[in-house]
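Student: Here are the chains, one letter per residue:
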Amino acid sequence: MASGKVMTMRDAVARFVHDGDTVVIEGFTHLICFAAGHEIIRQRKRDLTLARLTPDLIYDQMIAAGCARKVVFSWAGNPGVGSLHAFRRAVEGKAARGTPLEIEEYSHFGMVARFSAGAARLPFWPLRDYAGTDLPRANPRIKTVACPYTGETLATVPALNPDVTIVHAQRADAAGNTQMWGLLGVQKEAAFASARVVVVVEDLVEESVIRSDPNRTIIPGMIVSAVVVEPWGAHPSYAQGYYDRDNDFYVAWEGISRDPERLRRYLDAFVHGVPDRAGYMEKHPGLAERLKAQERWSEGVNYGF
Amino acid sequence: MATVAARELADGEVVFVGIGLPNLACNLARGTHAPHLVLIYESGAVGAAPERLPVSIGDPALVTGSLMVCGMADVFQLFLQNGRIERPTVRLPGSGGAAEIAVHARRTLIVAQLNPRAFPERVDFVTSPGQRCGGRTRRELGMPGAGPVKVITDKAILEADDATGEMVLAGLYPGVAADDVQAGVGWPLARRARLAAVAPPGETELRVLREVLDPKKLYLNG
Chain A
1 MASGKVMTMR DAVARFVHDG DTVVIEGFTH LICFAAGHEI IRQRKRDLTL ARLTPDLIYD
61 QMIAAGCARK VVFSWAGNPG VGSLHAFRRA VEGKAARGTP LEIEEYSHFG MVARFSAGAA
121 RLPFWPLRDY AGTDLPRANP RIKTVACPYT GETLATVPAL NPDVTIVHAQ RADAAGNTQM
181 WGLLGVQKEA AFASARVVVV VEDLVEESVI RSDPNRTIIP GMIVSAVVVE PWGAHPSYAQ
241 GYYDRDNDFY VAWEGISRDP ERLRRYLDAF VHGVPDRAGY MEKHPGLAER LKAQERWSEG
301 VNYGF
Chain B
1001 MATVAARELA DGEVVFVGIG LPNLACNLAR GTHAPHLVLI YESGAVGAAP ERLPVSIGDP
1061 ALVTGSLMVC GMADVFQLFL QNGRIERPTV RLPGSGGAAE IAVHARRTLI VAQLNPRAFP
1121 ERVDFVTSPG QRCGGRTRRE LGMPGAGPVK VITDKAILEA DDATGEMVLA GLYPGVAADD
1181 VQAGVGWPLA RRARLAAVAP PGETELRVLR EVLDPKKLYL NG
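Here the protein sequences line up with chains A and B, keeping their order. Here this note's numbering is used: the first residue of the first sequence is 1, the next is one more, and so on. Here this note's numbering is used: the first residue of the second sequence is 1001, the next is one more, and so on.
Next comes chain A alone, as it looks inside the complex:
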């Protein structure tokens, strides 16, 4: 029953990520499951459509590794640093391998709206957006509708229903009831929109812990296919309460990704050259001490009646 969902990252990726899938590894800066992206690279999954608001370094790595056929996104940069160079090379047709990367571009609200429509099983979501921009010209999937109440023209974006969404969180129970705090991004919507959901957590907890604070449950176990326990699974992204964002690494990525050979060596050493996230962490001595979170506990609340 419930315990059947707990499995290794290797098993979860093997079972739930297939060539050709539309894959979402969400998390807006926070709780991005790099460990899952790396396992997808190791298992040499191919022809994936990768969707995220910001591709972040994880999709830059997966694109460089040859996993992606297409990227659906809203902002493809390295925040505060510069470009995602593997992404750029692939889109500009300068990558060493294969045909140019296909892209489908929205805005942040557009991507949020795509997931919201997908989660609510609606065909589209209306937004008051895009008028005066060139985005609809670049993306014919952005359309318009006349409001049946006011007659005003609203933009619409189509629903996005991924094949699999991988969500990183602080904790969950064995049934997949998942609790998160800090920046929630659009993880909940992406999960509900998705055919399959893999939850990856820092800690596996008892059901009683979940039930002691139900407002903190963001994703219910009833939509979760697999639960993977993977401490440090989000590095270089972060997990509030567990570890800090590795801002130094994000800055260093500028140099690594700009040079295809250097990027290839990075993947060989830290993705292909390790069996799993534990192996990855062993290759980063001192990292845990440097990034481990300080303590800033919240005030507990009374759920009694």
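Don't read these hints as lab results, they were simulated from the structure. Do not take every clue at face value.
Covered stretches of chain B (chain A as the covering partner; in silico rule of three or more C-beta atoms under 8 Å from a C-beta of chain A) [to be verified]:
1. 1038-1047
2. 1061-1069
3. 1072-1081
Taking lysine to aspartate or glutamate pairs in the EDC-like style, the calculated list, with each CA pair at most 20 Å apart, reads [unchecked claim]:
4. A/K143 x A/D129
5. B/K1217 x B/D1059
6. A/K70 x A/D47
7. A/K5 x B/D1011
8. A/K5 x B/E1013
9. B/K1150 x B/E1013
Note that the Cβ used here is the ideal one computed from N, Cα and C, for glycine as well.
Add chain B to chain A, keeping to what the hints say.
Tutor: Chain B in isolation, oriented as in the chain A frame:
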């Protein structure tokens, strides 16, 4: 009624729970044969495990010890309209079934006491669509859920006829004759060729109902 309704619920199912008797039925099921029944209340409590019988769907007892508490937008968009929650979603309407629940739930069970005013031949105003609307089927109207499949009353069970969509007499409680049921509805009640004999509540069910769930007799009488 509570026991018969409770028996309709299988362990592990996901149920949207209405006020009134369905509350009792769902919690009885959870306390007996269906400990993993997942109760969802429109107020936002998911996986509720109330320690006392909630009087309303917004009772604080629904929050304490639940699996998840979310906003109402999430209840309707993500849990109900989403429509892909694997296990069948059952709705037991109480004194009022919300239109969207009647439209979307994979099947609906109605729990109500027989009374010709509560079961008129024709209602003046439809809030929860049944099997036929103006002669058209649910499928023709684009409704994803199967709608009301059973009506559980205090004397008998009615079931939706597959061909006509009409609620027909399907099972009788102990000591009840078919004519007793006819007296409680406002239209000529069709009946199945063979009427099932509905088993009365067992000892465990009675004990849970009387001693654990409803010692104050909010719903039970005698």
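Student: Sort out whether B/D1011 lies within 20 Å of A/K5, counting only the CA atoms.
Tutor: Roughly 18 Å between the alpha carbons, so the hint for A/K5 and B/D1011 holds.
Student: For a C-alpha distance cap of 20 Å, please report whether B/K1217 and B/D1059 respect it.
Tutor: Holds: B/K1217 and B/D1059 sit about 18 Å apart, inside 20 Å.
Student: For A/K5 and B/E1013, compute the direct alpha-carbon distance and say whether it is at most 20 Å.
Tutor: Holds. A/K5 to B/E1013 sits at ~18 Å (cutoff 20 Å).
Student: Count the residues of the segment 1061-1069 of chain B whose CB lies closer than 8 Å to any CB of chain A, then report whether that count reaches three.
Tutor: holds (count 8)
Student: Sort out whether A/D129 lies within 20 Å of A/K143, counting only the CA atoms.
Tutor: holds, 11 Å
Student: Between the segment 1038-1047 of chain B and chain A, are there enough contacts, at least three residues with CB-CB distance under 8 Å, for the coverage claim to hold?
Tutor: holds (count 4)
Student: Count the residues of the segment 1072-1081 of chain B with a beta-carbon closer than 8 Å to any beta-carbon of chain A: does the count reach three?
Tutor: Satisfied; 4 residues make the cut.
Student: Regarding the pair A/K70 and A/D47, is the alpha-carbon distance no greater than 20 Å?
Tutor: Holds, at roughly 8 Å.
Student: Take the C-alpha atoms of B/K1150 and B/E1013, compute the straight-line distance between them, and say whether it is at most 20 Å.
Tutor: Judged against 20 Å, a Cα distance of about 17 Å means the pair holds.
Violated hints: none; the structure is consistent with every hint.
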